[in-house]
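There are 2 protein chains.
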Amino acid sequence: MTQVPDKLLKRQAILAGLATPWLANGRELAPQHPEWKDKEPFASLLKGDVEGALARGEHAMLEIVMATHAGMTTEEFTDVVNNWLASAKHPATQRPYTEMVYQPMLEVLAYLRANGFKTFIVSGGGIEFMRPWVETVYGVPPEQVVGSSIKTRFEVREGKPVLVRLPELNFIDDKEGKPIGINSHIGRRPIAAFGNSDGDLQMLQWTSAGQGPRFALLVHHTDAEREWAYDRQSSIGRLDKGLDEAQAKGWTVVDMKQDWKVIYPPAKK
Amino acid sequence: MTQVPDKLLKRQAILAGLATPWLANGRELAPQHPEWKDKEPFASLLKGDVEGALARGEHAMLEIVMATHAGMTTEEFTDVVNNWLASAKHPATQRPYTEMVYQPMLEVLAYLRANGFKTFIVSGGGIEFMRPWVETVYGVPPEQVVGSSIKTRFEVREGKPVLVRLPELNFIDDKEGKPIGINSHIGRRPIAAFGNSDGDLQMLQWTSAGQGPRFALLVHHTDAEREWAYDRQSSIGRLDKGLDEAQAKGWTVVDMKQDWKVIYPPAKK
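One line per chain: the protein sequences are A and B, in this order.
First residue of the first sequence: 0, per numbering that gives the first Met the number 0; consecutive thereafter.
First residue of the second sequence: 0, per numbering that gives the first Met the number 0; consecutive thereafter.
Have a look at the derived ranges for each label pair, beta carbon to beta carbon: (1) D254/B <-> G211/A: 47 to 55 Å; (2) D78/B <-> A223/A: 43 to 51 Å; (3) R55/B <-> E39/A: 39 to 47 Å; (4) V100/B <-> I190/A: 25 to 33 Å; (5) F214/B <-> R94/A: 36 to 44 Å; (6) K267/A <-> V155/B: 42 to 50 Å; (7) E74/A <-> N114/B: 20 to 28 Å; (8) V100/B <-> Q93/A: 54 to 62 Å; (9) E224/B <-> T135/A: 50 to 58 Å.
Now the stretches of chain B that chain A is said to cover, found in silico as 3 or more residues with beta-carbon under 8 Å: (10) 143-149; (11) 156-165; (12) 177-188; (13) 204-210.
Think of the hints as simulated: they come from the structure by calculation, not from any bench.
Yeah, the Cβ is synthetic: ideal placement off N, Cα and C, and Gly gets one too.
Isolated chain A (complex conformation) (with noise of 0.2 Å):
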């Protein structure tokens, strides 16, 4: 478990919440698969080759999702999630993935509920595997997550209502699915959205959009030392077109060098 790349989980859950669940089950799931040896994402899984089954982007870990969850249930999936936060630690720091989030970004969330505002999480990762933790680590519950998801299914086990997980894609919320997954989740508007990828362009288009007074903000990674530095080249997380429109349009853009005093929140004992 703690063989998880330190870049891996560094960049949020967009990444983490695809990758989890082969970090879950997927090996001891291999034996049965021997068509995976050829067949990617799971052939550079298979050779530890995170990073690369990684650059193949979402639909390649939702692969991944589908094919060692099948048959699970809602509430086995919440302990797996569960199990593994509890156990795993990021590699370089040896602190609890859930500790590797940025303070700036808690106290601004903090700050906006302070003054009247209802805060959300919008996404790319696995919305199932987001919600058993965003509450604690950011304030947001579960109700006020929006993120990619596969299908269920609603059976009756042994006497007892479950929702089963199916290898079935249901939504990818990223780029045009994230104003999409607003819509269908939250049904207005946002006033103001924070992105750090391409990924959120859509979001921050949809959201500035709006009438009245909005408000954009990217956080540009520019801090090699303290936590990563990357944009317009990188295959995960690029940051190209958004730095583009953000000048066109003044959107606020945050250098992490520059800007923030603190990356990560004092470590908890």
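Starting from the known structure of chain A, fit chain B onto it as the hints suggest.
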């Protein structure tokens, strides 16, 4: 517009949400669709037989929604709903449809909220039909509404980002769909659930199977004089299995005629 049959909107948003698109622009579109003359549910509607069309069930109703609103943006659809609600009156009472709601249900919602509960609407009706008015009427904000939906597409029209309604079904929030919709939108199991038809059965099963105290209630429409009387034989809003299961599991059943002193709220001036 006032030719809507008495029965149609009396039984709440589930039917109204689906029939509205026809009322709003189905008749205008009919000349462009000569095939509707021989194709249900359109043929019934063209003959003015709204009851006959409704009896074909929600799939038929969603066909109407899809046929009549493809290409419209979500904001244009909201305007259609608002304009219709502003002028439409219940044919028997001459009251706006937004006042034809159940006073005891308004009271229980207010009571729950006053005691720290968060309240949601989970309806087979169209989510985009309900959201414009349920906050005013029920005190439930748009993000706490779960309903049936069609797919949308993000598009930039004349430089302005919009969400376009597509002629494609996304989700039917009825029967097995209700716990699925609750899990998808809310992400946690309800403490209490209230229903009035077999379309609510799986939601009540899912709710009452949770750990710790849970509450499940069915409203039984028994008052032909003040409202409507129907249950096991009705083609719309049938309540049959639910009555049996309520007895077997000890769910609360409200007898509208016996138990409700008032059905509708007092008329607004």
